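Build out the structure end to end from the sequences listed, making use of the hints.
Going down the list, the sequences are from chains Y and H.
With our numbering applied, the first sequence covers 1 to 165.
With our numbering applied, the second sequence covers 1 to 456.
Hints are computed from structural coordinates only; laboratory data are not their basis.
Hints are not guaranteed to be accurate.
[What the hints assert, rightly or not] Simulated pairs of lysine-lysine, DSS-like, Cα-Cα distance not exceeding 30 angstroms:
#: 1; chain 1: H; residue 1: 139; chain 2: H; residue 2: 49
#: 2; chain 1: Y; residue 1: 100; chain 2: H; residue 2: 139
#: 3; chain 1: Y; residue 1: 163; chain 2: H; residue 2: 100
#: 4; chain 1: H; residue 1: 189; chain 2: H; residue 2: 243
#: 5; chain 1: Y; residue 1: 100; chain 2: H; residue 2: 76
#: 6; chain 1: H; residue 1: 139; chain 2: H; residue 2: 76
#: 7; chain 1: Y; residue 1: 100; chain 2: Y; residue 2: 163
#: 8; chain 1: H; residue 1: 243; chain 2: Y; residue 2: 100
#: 9; chain 1: H; residue 1: 414; chain 2: Y; residue 2: 23
#: 10; chain 1: H; residue 1: 100; chain 2: H; residue 2: 49
[As the list claims (entries may be wrong)] Non-contacting residues of chain H with respect to chain Y, defined by C-beta distances greater than 10 angstroms in every case (computed):
#: 11; residue: 55
#: 12; residue: 147
#: 13; residue: 204
#: 14; residue: 219
#: 15; residue: 407
None of these values were measured; they are calculated from a predicted model.
Glycine is no exception: its CB is placed at the ideal position from the N, C-alpha and C atoms.
The chain contents come next:
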Amino acid sequence: MTATTPWSPNSFTPADPSYFKVKLTTWAIIWGLILLVSLIPGILLAAGVEVLLWLVILPVVLVVIIALLVLRILRRQVAALGYLEREDDFVVRSGVMWRKQLVIPYGRMQYVEVNSGPLERRYGLCQLTLNTAGAGATAHVYGLPEAQGQLLRERLVAAGEEKVL
Amino acid sequence: MSQNSDWQRVHPASPFVHGWLAIVGLLYIYWQNTDELSMAERFSGERLKWTVVLGAAALLVVLAFYFLSWYFTRYKLTETHVYVNSGALFRSQKQARIDKVQGIDIAQPLIARLLGLAELRFDVADSSESVLRLAFLRKAEAHELRQLILQRATGPLAANPTASPSQAPEHTGSIAANTPEASTPLMAKVPITRLFASLFLQLPMLIGTLACVVIVVLWLSGITGMIAAVLPILLSFGGWFYKHLNQGWNYTASATDTGMRISYGLADTRQHSIPAGRVQAISITAPLLWRLFGWYKLEVNVLGTKSDELDNLQVLPVGDFDAVTRIMGILLPDLGIGNQREVLATAVSTGYNYGFIGSPPRAKLLSPAAWKHQGFLTTDTTVISRYGWLARTASFVPHHRVQGTEFRQGPWEKRRELAGVRLHCAGGNIIGYLHQIDAQTAAEFTLAQAERQAER
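Now the structure itself:
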């Protein structure tokens, strides 16, 4: 049985598969750093400071377990991203465990941003942010190929202007 | 026009209102640095001479700053604009188009109140980020100027050729300036006893009071070490208490042509006008113990005005159901359904009359205490949603104020085929919140809400 959501997950335009590589690199950097921190008691022990043994092992084991769990759902997280352009509004979806579908009418749109960080640029990707007057109603579209992102932005701005007039 | 557009200065005591701290600070620094001296040594011989010389010099510098600040702060009112210039080194020039002025608030910080001064804050459409301030004028002057500007803002541009701003301060205390205030019908008032009771019946104050009792008991039993640890917590409760006491002190709400006006304040008297057209969302909250007395708190999301606080704007600190209906009648006159009063009564309690759709019984395990209260109702104009466990909230979001609709489903909700919907709004953190309703219903609601939003 398919899960109940307002719009069928299949109708969304998914994020570019290479966005997974961006997420993977970010994952490696963040969890690498956390692992380094968790190794501190071990380093101290090696340097001759007296440290309880479980204080050396436990953090490392915990960090590795959590990192692997996160890695397991990373691909599904990327697969869960998507956007849907409709006649009067724009829908984004995200989340595996906590799934979300956020719909914003073109008429409420205040401005559209396209950003790309160094990692995303390496893979020719960008992210688009659609802002409204409400802080909670901000739609993020991740993992867009750059050219597609610019086109989408232009379409959204045009649709927004049409609605306001 | 020409003599209308003369630049005017604010009241000479203005810099002192914000700057008195500098003088106190100087005194404090002096006192600290001479801590080791006895009282007699402070005021004797060579030392006294230096003290006087240095003190005078410091005072001169401060006064010079005050003078410059006052000298360069000027304002001008023309038929179409208000201009405020300020700053000696870093000049700032601000102006606002009078026909864009939505409301003018009068604020009186404590020192200003002692000096009989008041500050005008212009709430200008399309520029929520920087509020135009004019500080300080004599109180009567401020009221007159506000009246004059509001007249120009509402009336046609050339309708008022006789009233010029340079004349305005001359008829101080005239009846004309006071009547509109007196004629506005009073909608709610908060008696001080009720305010105190309402504050002590809320969780933060209960905990704070308990902490007080614990401290006293500890003290009496001779344990003083703990007190230092509890004191900071106590202070934060004190802060909470003072803030809410201040917001509810002498609270009055009255109806105006465009919406309502509230005024409150213990040390600082504040007046806010709330145009009904700028209200984005309304929430009615009843904390657990308030329910015994049938008391409610009303808050709104509103654009503009409250530039300094992140909180929602409180439009009723505590009041009974009648006060709630009166204020709702002003801020949201069209609920989009018949029997408005009865629907409102259902919204602030439990029950599924008038088409309220609640959480199904399978939500019981997730929210054992709240599932019977949770629910929502969609009318022609508004989405009413009820949520909350200890403090029950009913939130009202007009369809054309919804910025975005968000369908959400967590893992535990998914297993029970439940889902939630949030209606995001501007101007504060009140949202419409359909909590743990049937997933199918939630999905259909989201689709229907998207249609409704696209229409408006």
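Of all the hints numbered above, which does this structure not satisfy? Sort the numbers upward. Going through the list in order, the structure violates hints 1, 2, 5, 8, 10, 15 and respects the others.
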